[in-house]
Each structure stands twice: as structure tokens, then as C-alpha cells.
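*Asks:* In case you want the letters, here they are:
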Amino acid sequence: MALTKKTLHEISDLLNKKEVTVQEVTQSVIDQIDAVENKTQAYLKLETEQALETARTLDETLKSRDRKNVLEGIPYGLKDNMCTKGILTTCASKMLYNFIPPYDAHVYERLMVDGGILLGKTNMDEFAMGSSTENSAYQVTKNPWDLSKVPGGSSGGSAVAVAADMAYFSLGSDTGGSIRQPASFCGVVGLKPTYGLVSRYGLVAFASSLDQIGPFTKDVEDCALVLNAIAGHDKKDSTSLNIDKKDYTVGLKDGVKGMKIGVAKAFFGQGLLPEVRQKLEEAIALYKEMGAEIVDVSFEYLDYALSAYYMISSAEASSNLARYDGIRYGFRAEEFDGLVDLYRKTRSQGFGSEVKRRIMLGTYALSSGYYDAYYKKAMQVRTLIKTDFDEVFKNCDVLLTPTSPTTAFGIGEKTSNPLEMYLSDIYTVPVNIAGIPGISIPCGLDQQGLPIGMQLLGSVLSEEKLLQAAWAFENESGYKNMKAPLGEEA
Amino acid sequence: MEYEIVIGMEIHVELQTKSKIFCSCPTEFGQDENTHVCPICLGMPGVLPVLNEKVVEYATMAGLALNCEIAHFSKMDRKNYFYPDLPKAYQTSQFDLPICTGGLVEIEVDGVKKDIGITRIHIEEDAGKLLHESADGSLVDVNRCGVPLIEIVTEPDMRSAEEARVFAEKVRNILEYTGVSDCKMQEGSMRFDVNLSIMEKGAKEYGTRTEMKNLNSFRSLVRAVAYESKRQIIELKKGHRIIQETRKWDDTKGVSSSLRSKEEAHDYRYFPEPDLVPIVLDEAYIEAMKKALPELPEAKKTRYIEEYQLPEYDAGVLTASGVTARFFEETVALYNEPKQISNWLMVEVPPLLKELELSMEEIPLKPTQLAELLELVKDGTISGSIGKKVLSDVFKTGQNPKVIVEKEGLAQMSDTGELEGIIEEIVKNQPKSIEDIKAGNEKAYGFLTGQVMKATKGQANPQVANEIIRKVVAKYL
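Line by line, the protein sequences give chains A and B. The letter at position 459 of the first sequence is residue 458 when you use numbering that gives the first Met the number 0, and the numbering goes up by one with no holes. The letter at position 182 of the second sequence is residue 181 when you use numbering that gives the first Met the number 0, and the numbering goes up by one with no holes.
Treat the hints with caution; some may be incorrect.
In silico EDC-like cross-links for lysine to aspartate or glutamate, where the CA-CA straight-line distance does not exceed 16 Å [stated by the list, open to error]:
(1) LYS375/A to ASP95/B
(2) LYS245/A to GLU463/A
(3) LYS234/A to GLU52/B
(4) LYS388/B to GLU354/B
(5) LYS235/A to GLU52/B
(6) LYS442/B to GLU466/B
(7) LYS237/B to GLU1/B
(8) LYS16/A to ASP33/A
(9) LYS393/A to ASP295/A
Chain A stretches covered by chain B per the calculated footprint, using a threshold of three residues with CB under 8 Å from any CB of chain B [stated by the list, open to error]:
(10) 24-34
(11) 234-247
(12) 325-334
(13) 401-413
Derived by calculation from the structure, the hints in this document are not laboratory data. Ideal Cβ placement from N, Cα and C applies to all residues, glycine included.
Let the sequences and hints guide you as you build the complete structure.
*Replies:* Shown next, in the form of C-alpha cells:
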């Protein structure tokens with residue numbers, strides 16, 4: 000099997016045994032990028048030369064010592080909303096077309112310390128707003144399972160980089176499903192950790208109270224390994240949880256015997272594709288076979304989650320994105336007449352239409368006279384949904400749901416209907432509202448051969464349990480490190 | 000018709016923390032433009048704020064000193080508006096749950112005591128500064144961005160410019176005492192916004208108010224209140240209605256003018272700051288802050304009267320500024336003559352400060368030097384009037400009084416041997432005085448003493464000189 004097709008932990012084993020060099024590993028991924036990237040367009044900016052240079056230096060060092068940890072020498076991709084000192088960080092927006100941060104995101108720092116090798120910055124929906132990566136100001140990323148389909152979003156580039164073997168893992172950010180939904184569409188593993196588990200320092204904010212960074216990997220074990228590297232307290236992020244570091248691989252393979260897996264009607268409602276439903280039912284049956292107990296659970300307020308999400312996330316975004324005014328960095332309109340005109344023209348020309356839609360929505364929701372009816376109401380709904388989840392997790396360990404109601408849809412299919420696009424996140428959004436962790440793993444293919452994703456949810460800081468349940472399914476079902484046809488061709 | 004002026008105030012006070020409210024940049028005033036900045040106070044993409052604990056501590060102390068309730072739970076909010084001096088396009092402040100509420104400050108004007116209510120005190124960050132210095136446009140200095148502030152909001156309890164001034168001075172004095180701010184108005188560490196309306200005397204409902212922003216001295220506060228109240232009364236007398244608006248005070252011209260009306264007012268779209276966690280303070284924390292609070296002006300004044308037996312007037316003057324009080328106490332610790340120290344501090348020190356154009360904060364005299372000087376006067380080494388000259392020299396040279404006295408040869412001549420010689424010489428040359436004394440004219444002794452003082456340039460100890468004169472004269476009788 001080609002090196003690129005292997006998982007992170009398999010490559011790590013080979014490196015430990017010195018059967019391959021870091022340069023061979025890095026070169027093979029770069030060769031894969033050269034072969035397929037022109038079709039997928041997952042990366043906005045490649046740093047392959049630097050990656051090879053780092054690999055060369057590391058190989059020299061590794062002649063005299065063992066690898067210090069599992070990520071050392073492993074090539075990866077980073078979503079372009081995470082700051083990288085000296086490397087362009089655009090958030091796929093024209094607004095930041097020339098922005099080179101003078102500082103690193105906390106997660107990037109951690110991966111550097113561990114010795115990971117950055118291959119490049121991946122494409123995304125502008126400022127992480129979108130569900131298809133079509134809102135990028137620069138390029139449309141294609142789904143490697145079918146190039147006419149979207150990869151999902153907003154972290155579409157990071158999902159495709161892993162799905163098409165152009166990185167052993169990548170990081171994305173998830174505000175309403177932006178890791179899990181593209182993971183589902185691309186047939187890879189994607190985890191949104193508990194809010195506060197991974198530092199947001201250096202992640203360009205979309206909606207601060209919902210944003211969370213997490214990994215895309217080829218299998219569940221890799222997911223645990225990357226989480227080990229990026230999770231943990233950071234004093235630069237006040238919302239980062241001050242808890243001890245954990246090893247998420249401990250207990251990973253303990254199985255699901257006796258585990259209570261919840262299933263809720265609310266997650267199997269209208270708009271759910273029958274094929275998706277069928278695969279989910281098969282998954283439930285498999286869990287039962289493996290000794291898990293399936294329990295019915297119910298929600299009272301879940302129907303309001305999507306509306307509350309769009310109020311809260313847009314309100315925060317309207318404030319977070321106000322700093323892009325053309326004064327200090329980034330894009331500035333060429334011609335303007337006075338200060339107000341500078342603001343207007345810069346922001347009109349610098350932002351794409353989805354970003355402008357959210358800014359307007361959020362500004363409206365916070366305006367005097369509307370605040371109580373929209374923002375405040377949405378915050379109340381948020382509390383109710385949290386309570387809903389608290390109740391549910393009294394009766395089960397893990398909640399099993401579809402990740403998205405459908406499989407990957409066609410490029411251009413939903414761009415003219417934002418509301419329909421928003422529905423793609425109906426099962427992922429409540430998770431961010433509640434601040435709990437969620438993982439998406441593949442659970443089969445539809446008739447078109449497109450991946451279907453299953454979502455497992457747990458209470459705050461239950462990542463170990465989620466990974467344990469996910470690993471058991473992955474191992475038993477065989478839906479593990481599935482290869483996209485594009486990858487096969489290459 | 001008789002009118003009544005109704006005044007409420009918002010006071011912005013910069014807290015004297017070493018670093019800014021959300022980052023580690025220094026807060027130092029008067030540095031080169033844009034040298035105290037970092038990605039955080041520049042609001043660059045992806046950075047996050049971390050609340051400086053010292054800010055919470057200082058805000059709590061300020062609240063306690065102004066008799067406020069300290070909230071066990073408060074939070075930061077975002078106040079959104081676009082302006083080039085605000086890099087994030089929002090000011091992180093506190094909206095509906097401020098850290099302090101419901102305080103009061105007692106003031107006294109013309110012997111009448113009155114409580115002024117404090118509605119709330121909240122924490123916020125300062126903005127940068129626009130420098131309008133080029134024809135091509137304005138420049139931005141971001142150094143002040145993120146300097147921590149508290150905003151003190153009062154009830155509309157003041158009824159005259161004088162009350163407003165006394166209140167503002169009292170607040171300044173109290174905050175200066177607590178050490179939470181240096182309250183330097185010339186550096187913008189303390190700024191006043193005045194809300195003012197006019198109503199018929201005795202009316203129950205307030206009139207429409209206007210707001211004047213950023214008054215930065217007590218003088219401009221008083222002048223702005225006087226001008227604006229007069230303007231409103233004239234408008235009302237003309238039968239016009241007062242328009243609710245923000246007005247700009249022009250201190251040079253001495254007039255206020257409309258800046259923006261209520262309709263043009265910003266909609267700040269406040270909402271909870273999601274990048275920060277709520278401020279939760281338990282009773283133990285608040286108690287600890289209470290203990291850390293230094294003695295405040297009122298208590299100090301009472302103690303001065305009781306402990307040092309100072310007149311109320313002296314105690315009031317000495318405690319009116321924390322710096323003066325501290326100076327006084329340090330001197331008393333070295334030289335236990337409170338009333339004498341008080342006299343020198345109240346009478347001799349102010350003209351010297353004025354001459355050198357210095358404030359009490361910048362006084363070149365040290366408590367040790369004042370104590371040393373008063374000892375020299377007390378033990379007769381120098382006279383009181385020489386003492387004043389020495390004090391002036393200490394101000395100008397910074398040298399210790401003993402050094403000055405020695406160098407300048409200012410010590411009183413009590414050496415009887417040396418004095419005897421001088422006196423013998425004088426008496427010999429004044430036969431007229433001997434005659435007068437023989438004739439029973441005692442005044443001649445006074446004349447001789449005067450001659451001795453003249454000959455010794457005032458350094459002779461008058462008492463000692465007198466005794467010797469009588470001894471020498473006796474030889475001629």
C-alpha cells in the first residue's frame with residue numbers, strides 16, 4: 000500500500016521502526032498533492048518546500064535520537080483561519096488577501112512543538128461561514144468521492160486534504176458543524192471537542208462562544224492522537240478549560256459492552272435522506288450486537304436550535320468582523336471619500352455575500368428595539384437546549400445521530416438558497432449551542448457511492464467515551480480509512 | 000420664575016496598573032506613538048483578551064471607597080461602534096451587570112452637608128487617540144488603547160457648579176488616597192462628562208438634559224456647568240424647548256456647541272463579551288479588599304484632630320490631598336511637633352511650590368529634610384527667619400538643611416568667646432549708649448543688641464548676646 004494511504008499511527012510506527020524516513024513520508028504526500036490537488040483544490044497555500052526542508056533537518060536529527068512523539072515528522076494541513084506567523088492567513092476572504100500574522104495560533108504552536116510538518120493552509124468558506132466551501136473568495140474545493148459534489152464546509156479544504164491522502168491529518172474549526180459535516184461528506188473522521196478544550200488563541204473568530212478547533216483524521220485512533228496534541232489549558236484564552244492533560248488513547252479499544260447509546264426521534268425527522276436513515280439504523284443494530292444498550296431519549300426544544308444558532312452566531316460575527324475596516328491591515332478600497340466612505344467601500348468590496356448576509360442579520364438582532372426579541376430570546380433557547388442535553392445524558396452515555404440529513408450535494412445546487420444550505424447543519428448546530436463534544440465517523444456509502452456520516456454526541460468533556468464508541472464501530476463495521484475514488488486513481 | 004440646575008456626572012478614571020487591561024503592554028503615559036502596542040491591543044485577527052486581575056482589584060477598592068455594593072457576579076460586554084481609535088470596533092465595557100452599584104459621597108458646600116449618590120461604577124478599556132496633524136489625513140496613536148478605566152456614574156443629585164466641583168474634587172481625593180489612580184487630569188487620567196438639565200424650582204420632574212463630554216479640569220467643569228445652565232435657562236425663558244443632545248465644550252472660547260442629537264446617537268448593540276468569563280467575587284475577596292483599603296480622607300481628618308490635636312482647619316487642609324497627608328505623617332514620625340509641621344506645610348511650602356511651578360506631587364523637599372530643619376530651629380542652631388531661607392535653599396538645591404547651614408555659615412553665634420570680642424568692640428564705640436544707660440534709659444540695651452545682630456549678620460543668638468552686653472556694659476557703670 001502506498002505510504003500516503005496509511006493512517007497517521009501506521010506511518011508513525013514505520014518511522015519509529017526507521018523503515019521510512021520523514022523525507023520519504025513528506026515527499027509521498029507532496030507527490031499525491033501534485034497528482035490530485037489540481038482536481039480537488041483543497042489548499043489555498045502550499046508550503047511544500049519548507050515542509051521538505053523541515054523533513055530533511057528532522058531526518059538528520061533522528062539519526063542520533065528516537066522520535067519524541069507520535070506527531071513528529073507527520074505532514075498535516077491547517078485551515079486558513081488559524082494564524083501562522085510569517086505565512087499568509089486569509090480566512091478565504093478578499094478582506095485578508097495580504098494578511099501575514101506576526102503570531103501563531105496556539106494549536107499551530109503545539110503542533111510545531113510536537114514536530115508536525117505543515118504542508119499548507121486549506122480552503123474554507125469565507126470566515127468559516129458556509130456549509131459547502133463554495134463561499135471561498137478564491138476557489139471551489141471538490142469532493143474527492145465525486146468532483147461535481149461539494150466537500151461540505153466550512154472546513155472543506157481540511158476534510159478533502161485528509162480524504163484524498165494529501166495530509167495525514169488536518170485541523171478545522173467547527174462553529175455549527177464545520178468539522179463534522181465535511182467529515183461526513185468526505186468519509187473521514189472529524190471531531191468537535193467540548194467548548195474550551197482546545198485554545199482558540201489565534202483562530203480568527205467567527206462566533207466566539209461557539210467556535211472550536213478539532214482534527215480531521217483517517218481513523219478514530221488518529222483522532223485521539225491529534226486531540227492529545229492540541230487539547231489543554233492555555234492562559235491566553237480565558238474560555239479555555241483549566242483541566243489536566245489526558246491521554247485519549249487510554250481505553251480507546253475497550254468496546255461498548257454495557258454502554259448506553261441514546262437515539263432520539265428529533266434527529267430522524269423531515270429532510271433526512273432514506274439512505275442515510277437506513278445506514279444509521281444498521282449502525283444502531285451493530286452497536287446492539289456489540290453489546291451496547293440502545294435507549295430512546297427525547298428533546299423538547301431541539302426544533303429551535305437552528306434559529307437560535309443563526310441569531311447568536313451572526314450577532315457575534317457582526318461584532319467580530321467589525322475590525323476589518325481597511326485602516327490597519329488587509330484589504331482597503333482604492334477610492335474613497337472620507338472615513339465613512341472608506342469603511343463602506345472597504346467592507347462592501349472586501350466581504351463576500353454570505354458574510355455580509357450574516358453581518359446584517361447579526362447587526363439587526365443586536366439592535367436596540369430588537370435585542371430582546373432576537374438575541375436575548377436566542378440566548379434563552381440556548382439555555383433550554385443545554386438543559387435538554389443535560390437531561391438526555393442522564394439516560395445515556397452517548398447519543399447517536401446522523402451528521403447531516405444528506406450526503407454531499409452538487410456544486411452550485413444550494414448557493415442560491417441560503418436557507419436550504421443552512422438546513423445541512425440541522426443536526427450539528429445544537430452541539431455547538433450546548434458546548435458539548437461531537438464526532439462524525441463514516442457509516443457507509445449511499446447509492447451514488449458517497450460517504451454517509453454518523454454523529455456521536457456526549458456530555459461536556461466526554462471525548463474519551465465518544466472515541467471509545469466510535470473506535471468500536473469503526474473496527475467492527477470496517478468503514479475505516481475508506482478511500483475516495485480519486486485517491487484510487489492517483 | 001426660579002430655576003434649579005440638575006447635574007449628574009460620569010467620571011472616567013484611568014487605573015494605575017502597570018500593564019493594560021487585556022494584554023501585557025505597559026500603560027506608561029507620554030511615550031512615542033504606537034510603541035506600547037501588541038496584536039491584542041491592536042485587535043488583530045484571532046487574538047484574545049485576558050482580564051488583568053489588578054483591574055478588578057482596583058475597581059473593587061474604588062467601589063468600596065465610594066461606599067458601593069460590590070457585585071458577586073458581573074460580566075464584561077461589548078459596546079460596538081466604528082472609529083479609527085478603536086481597533087476592534089468595539090469597546091469592552093460593562094453594560095447591565097457592573098462591578099459596583101449604589102454608592103454615595105458626602106460633600107459640604109457653604110457649611111451644608113449633602114449626599115451625592117453613585118449609581119454604578121463599571122470597568123472598561125480606553126480607546127486610542129487621533130492626531131490631526133497632517134493635511135493628508137489623521138494619524139492614529141494606539142498606545143492608550145486598552146489602558147484600564149473605571150467609569151463612575153452619579154445620580155442627578157448636584158444642584159450647582161460649586162457642588163459639582165466639590166464632588167469631583169472629593170472623588171479625586173478619595174481615589175488618589177486608595178492608590179487606584181494617579182488622577183492626573185493634565186494627562187487625561189480623570190475626565191468628566193456632565194449631564195445637565197433645568198427645572199422649575201421645586202419641580203418633581205427633571206427637564207430635558209444635555210451631555211457635555213471630556214471636561215478635563217475642575218476649572219472647565221465649573222465653567223461648562225455655568226455656561227450650559229445659563230444657556231438652557233435663556234432658551235427656556237424664550238419659550239424654547241431643550242433638545243436632548245451631546246454637546247462639545249470649547250474651553251478656549253468658553254462656549255458649548257451641539258455635537259450630535261439623540262437621533263444621531265449611536266446604537267451600541269451591547270452584548271455579553273464571549274471571549275471573557277464572568278467576574279465572580281466571593282465575600283472573602285471583598286473582605287480582603289476592604290482590609291487592603293488605606294485610611295480615607297474623612298477618617299484621617301478625624302484622626303489628625305484627635306491624635307495630633309490639630310485644629311479642624313489644619314486637619315482639613317492636610318488631608319485634602321493624599322500626597323500632603325503622607326508628607327505630613329512621614330515628617331511627624333521623625334519630628335513629633337504636629338502643629339509646627341502643619342504651619343510650615345500650610346504657610347511656607349505653598350509659595351515655594353508656586354514659585355517653582357511645581358505641584359505637591361513634585362515637591363523637591365523630603366520629610367527627612369523638613370524634620371531636620373525644624374530640629375535646627377528648635378535647638379537654636381538657626382532662627383525661625385533663617386529657617387525660612389534654608390527651606391527655600393533646600394527647594395532650589397535639594398541639599399540637606401544641615402549642609403546648607405554649615406556651608407553658608409548660617410548657624411547662630413552662641414560661642415560666648417567670639418561674641419564677647421565683637422560686643423566689647425561695639426560697646427567701646429558707643430559711649431552714647433553707656434551714657435543713656437547710666438541715665439536709666441533701658442532702651443539703649445535694645446539698640447546695642449541691634450548693633451550686634453547687624454555686625455553678625457543676624458547669626459548671633461539674641462538671648463546670649465543680651466546677656467553678654469549686660470556683662471560688658473556693667474564694666475563701664
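*Asks:* Name the hints, by number, that the structure is in violation of.
*Replies:* 8, 10, 13
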